[in-house]
Amino acid sequence: MQIELKHIYKTFPGPTKALTDVNLKIKSKEKVFISGQSGAGKTTLFGVIAGLLIPTSGHVVVNDNSLDFETYSNLSAHRRKVGVIFQDFKLLADRNVYENVILPLFATGKPESLEEVDFVFESLGINHLREKQIQTLSGGQKQQVAIARTLVQKPDLIIADEPTGNLDQKTSFLVMDIFAEFNNTLIIASHNEEIIKRYSQRTIYIQEGKILND
Amino acid sequence: MIKFMYSEFSRNVSAYPWRSISFILSFSCTYFILIFSSFGIKNLFHFFENATSGYEVMIILNPNTSDAEMDKMSQEILKIAKPSLSIVSQKPAVTTKNLNSNEVFKYMVDDNKSKSIELSEEDINSYVPKVIQIKFDSISSFKKIILASKIKNEFSSKNKVTEVAIPYPYLHRIAELYVENRFGLFLLMSTLYFSVFILLYLLLTLSLKEHKQKINLFRILGYKKNIIRWPLILEGTFLSLAGFIFAMSAMYSVHLQLVENYGAEVNLKFFSLFEFSMHLILCVSIVFFLTTLLTQKIISDDFIEN
Numbered sequence: 007m008q009i010e011l012k013h014i015y016k017t018f019p020g021p022t023k024a025l026t027d028v029n030l031k032i033k034s035k036e037k038v039f040i041s042g043q044s045g046a047g048k049t050t051l052f053g054v055i056a057g058l059l060i061p062t063s064g065h066v067v068v069n070d071n072s073l074d075f076e077t078y079s080n081l082s083a084h085r086r087k088v089g090v091i092f093q094d095f096k097l098l099a100d101r102n103v104y105e106n107v108i109l110p111l112f113a114t115g116k117p118e119s120l121e122e123v124d125f126v127f128e129s130l131g132i133n134h135l136r137e138k139q140i141q142t143l144s145g146g147q148k149q150q151v152a153i154a155r156t157l158v159q160k161p162d163l164i165i166a167d168e169p170t171g172n173l174d175q176k177t178s179f180l181v182m183d184i185f186a187e188f189n190n191t192l193i194i195a196s197h198n199e200e201i202i203k204r205y206s207q208r209t210i211y212i213q214e215g216k217i218l219n220d
Numbered sequence: 055m056i057k058f059m060y061s062e063f064s065r066n067v068s069a070y071p072w073r074s075i076s077f078i079l080s081f082s083c084t085y086f087i088l089i090f091s092s093f094g095i096k097n098l099f100h101f102f103e104n105a106t107s108g109y110e111v112m113i114i115l116n117p118n119t120s121d122a123e124m125d126k127m128s129q130e131i132l133k134i135a136k137p138s139l140s141i142v143s144q145k146p147a148v149t150t151k152n153l154n155s156n157e158v159f160k161y162m163v164d165d166n167k168s169k170s171i172e173l174s175e176e177d178i179n180s181y182v183p184k185v186i187q188i189k190f191d192s193i194s195s196f197k198k199i200i201l202a203s204k205i206k207n208e209f210s211s212k213n214k215v216t217e218v219a220i221p222y223p224y225l226h227r228i229a230e231l232y233v234e235n236r237f238g239l240f241l242l243m244s245t246l247y248f249s250v251f252i253l254l255y256l257l258l259t260l261s262l263k264e265h266k267q268k269i270n271l272f273r274i275l276g277y278k279k280n281i282i283r284w285p286l287i288l289e290g291t292f293l294s295l296a297g298f299i300f301a302m303s304a305m306y307s308v309h310l311q312l313v314e315n316y317g318a319e320v321n322l323k324f325f326s327l328f329e330f331s332m333h334l335i336l337c338v339s340i341v342f343f344l345t346t347l348l349t350q351k352i353i354s355d356d357f358i359e360n
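As they're listed, the protein sequences go chains R and D.
So in the working numbering, the last one in the first sequence is 220, and the numbering has no gaps at all.
So in the working numbering, the last one in the second sequence is 360, and the numbering has no gaps at all.
The shape of chain D in the complex, shown without the other chains (with noise of 0.2 Å):
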């Protein structure tokens, strides 16, 4: 039997080679939008979490800003979106604790030459700015982004603050768009997804009508189901699979060509062998799924033509 299904499924893919190869174009093609979306969303994802990586959000206030200050805004930061952040620590930029007694500090006299100046309790009390270092707790890093962001429009323009300082301030509008437009998104991947099931389902139907005569014969001499249906599964898991190989080949090259254009303005990745795994069983299994279905379809089908 297993003989026998062999030859069948090999004479289906061999008997019209170009037929073979303009499906799997089709299932390349169609797969592409697919495993083209997942990188996207892939990347998108990876590119903020290393944007994001050991994010923290300087205040750096006014030398002269007095503990008692400091504790307040810090309280007031809290506010914001606790417990979503932790304030690290609330000091001046540099204390006596950090040098030792003859440390210097050193700052640029001119364009080569630097000079060194002993600083004492007073003068850093005096002269170095006091700095509240705000770290993020277990939130996305979208979340991150837009609350940094936050931070900023609500403090930058306080009494005695100097600046807020925020890595990657122009992420922020891609991250609100992000977490506003969530669902949508997910709408639209849904959709897209959805169709290409649709694609699949209206490739396998024309692939499937061409082999109608045949199968009608086979229903005709009482060849058992699994007969008939076997080498059609298998005919289409093989084309399905091709499909898959050609569009993950351009999916790679696209890859190539964007870090060899981009590559120092961002990481890219690829799939990692679980990823291509898991695409790999989602597209051939939707296709077993489909042609397993259509077969049984046509095999209860009347033989309304005869």
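With the rest of the complex left out, here is chain R (with noise of 0.2 Å):
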């Protein structure tokens, strides 16, 4: 999935301008890293190209199709196509993990085959927390969990906010690779210098809703 930002303006209610003329434009099946403190803005960032948050101004170009925010079905489709994965995860806590990591398969209705669920269960090694409750889950198993949910979405483009953020070196090594293995676009927000030194193809620094170096 190829991504374009065109003078993209994000403001909430009160003094806070969160993305100020983002211009960005993101090849289809390239690995970008993007960086910043926190409240640089990162977060909003995603939230606009996943088509969750409405610009105030400017145009999100997906495919070379602009994006419309109005209306709910052209949206819901692209989010069908966009893998988010949150810092808080998302999680429902009224079912077990197996349940969370196949939600994205009920999206249209049609549940799609289940054959894939296994073996991203498999190569993320989390086979034994299937039947688990996600309460009982730490902040790492919930990551990797978050993160099957992604994978078991088959998602044109894979946004993840600090998706090693919790895990240990080991880990965060064994999510990166699978990230690496994953055959199309893939935009990451991290704060690890080592794994953005060893993944990254390009970097984007942002500060206060700008982009600084791309």
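Read the hints as simulated data drawn from the structure, not as lab findings.
The structure presented is a predicted model; accordingly, all values stated were derived computationally and were not measured.
Idealized CB from N, CA, C, for every residue including glycine.
One thing to keep in mind: the hints can contain errors.
Claimed, not checked - Computed from the model, here is a short list of chain R residues facing chain D with C-beta under 7 Å:
no.	residue
1	SER82
2	LYS96
3	ASP100
Stated by the list, open to error - Sample of chain D residues lacking proximity to chain R, with all beta carbon distances greater than 12 Å (derived):
no.	residue
4	PHE58
5	GLU62
6	ASN97
7	TYR247
To be verified - DSSO-like, lysine-lysine: derived pairs with alpha carbons at most 27 Å apart:
no.	chain 1	residue 1	chain 2	residue 2
8	D	LYS197	D	LYS126
9	R	LYS148	D	LYS278
10	R	LYS96	D	LYS57
11	D	LYS126	R	LYS96
12	D	LYS279	R	LYS96
13	R	LYS160	D	LYS57
14	D	LYS57	R	LYS87
Each of the two chains sits in its own frame; use the hints to bring them together as a complex.
Laid out in structure tokens, this is it:
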């Protein structure tokens, strides 16, 4: 999936300008790291790219087509192609790990094949967690479940907000290896210099809602 | 899709049983207000209909009242409320035409014995009171009672009138109150029904806020609108239905208690199958409509918290 942001502004109620005149082009299958301090606007940028936040002005162009933020069906179709891994994981406490992971497969009402699910569980080494309730998991395990949920979705673009923030070094590299094998566009926010050095093809620095360095 | 929506719906209801029970009870209390007021009004009308079925006023006059005087009085009565009433008969209470030639008129002599006498035309004219019988035409039971009361007030003190007999004289005050304050009662009921609507709106808002985290995740994952919405509508409708059944059961036990204690004095009616269905449709469709509206709003909201 190719993404292009043209003159994106995003303001929230109050004086805060989360994004100011952001122009950015991410080619298909490109692996991009986004770095910046907390509050720099990374999460807002991800929200706009994923079609979760409507920009105050500007255009988001996906595969040469301008994203229509007004129509729910267009937005939901875009969201189905984008897998987002959040810092707070966004897992549902009223169901177990397996039920959380297969959630994206029901987005259209016609559940897709569950064969891929086993493969994802094995790749991430979380087969033993299948039947566990979300409340019983550690932060790192929750992060792995959130990653599994995104991989099951088979998205054209993965946006990951600090995907290794709660993981030990070994698991971090395991997850990043899986992402590296991911044959589509990838945007990752990370503070981990070692991971950026090892996996980055392109790093964008963002500060106070503006792109400082690309 | 149906299987998924059903599993979401049953999860919503069963995963948090206490939440479901508290919502059922809240729906039940809200509906009870509506059902109780409907029950009260239905039985007020029912009571007045019963009380005024075959309702008639009798003006009893002295036996020596002439036909001309009776005619004059009848005309005066008709002036009060024509065409709402009609003079059904204007005659002596007993005439020779009601009696066979050898028939006798019985009257009590003492506690246990009755004595019979034969009445001649002259006797009847001299001793049998005259009666003007008034019936009401196609007006509400409340108006019948008010008119009867008006006739009683105007004619009781007239010359040659012995008595103006009206059934249920004590009801006229209630009837007057109803007729004078019909608009107020309508306003009161409208306010009550509106309050029920607002209470349901608040209840459903509260219920949907509980699901907001899940709704937001489904939106993030690109779920279609109907797949997000239908399990919630089903849940709301199911809890509302359960609340309605509780409220109706509570109303039925109130009805049974009232019948047990006051059954001899008032003939209380419970809801017919038709009225029951109408209440059911009203209560459940309000929830259906509000849930659809609220889910539409939540689904269209911006992800400001993200």
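Results of checking the hints against the structure:
Nearest Cβ of chain D to the Cβ of SER82 of chain R: about 4 Å, under the 7 Å cut. The hint holds. Because the smallest distance between the Cβ of LYS96 of chain R and any Cβ of chain D comes to about 5 Å, under 7 Å, the interface hint for this residue holds. Interface hint at ASP100 of chain R: satisfied, since its Cβ lies 5 Å from the closest Cβ of chain D, which is below the 7 Å cut-off. A cut-off of 12 Å between C-beta atoms contradicts the statement that PHE58 of chain D is not in contact with chain R; the least separation is 5 Å.
Distance to chain R contradicts GLU62 of chain D as a non-interface residue, since its nearest Cβ pair spans about 9 Å, not more than 12 Å. For ASN97 of chain D, the requirement that its beta carbon stay farther than 12 Å from each beta carbon of chain R is met, with the minimum near 46 Å. Every CB of chain R is more than 12 Å from the CB of TYR247 of chain D (nearest about 33 Å), matching its label as outside the interface. About 24 Å separates the Cα atoms of LYS197 of chain D and LYS126 of chain D, which keeps this hinted pair within 27 Å; it holds.
Of the supplied pair hints, the one linking LYS148 of chain R and LYS278 of chain D holds, its CA atoms being roughly 26 Å apart against a limit of 27 Å. For the hint linking LYS96 of chain R to LYS57 of chain D, the alpha-carbon distance of about 24 Å falls within 27 Å, and the restraint holds. Taken as a hint, the LYS126 of chain D and LYS96 of chain R pair is broken in the structure, with Cα atoms around 91 Å apart against an allowance of 27 Å. Among the hinted pairs, LYS279 of chain D with LYS96 of chain R is consistent with the structure: their alpha-carbon atoms are about 19 Å apart, no more than 27 Å.
For a cut-off of 27 Å, the pair hint linking LYS160 of chain R to LYS57 of chain D stands: about 23 Å separates their Cα positions. In summary, the hint linking LYS57 of chain D to LYS87 of chain R is supported, as the alpha carbons are separated by about 24 Å, within the 27 Å threshold.
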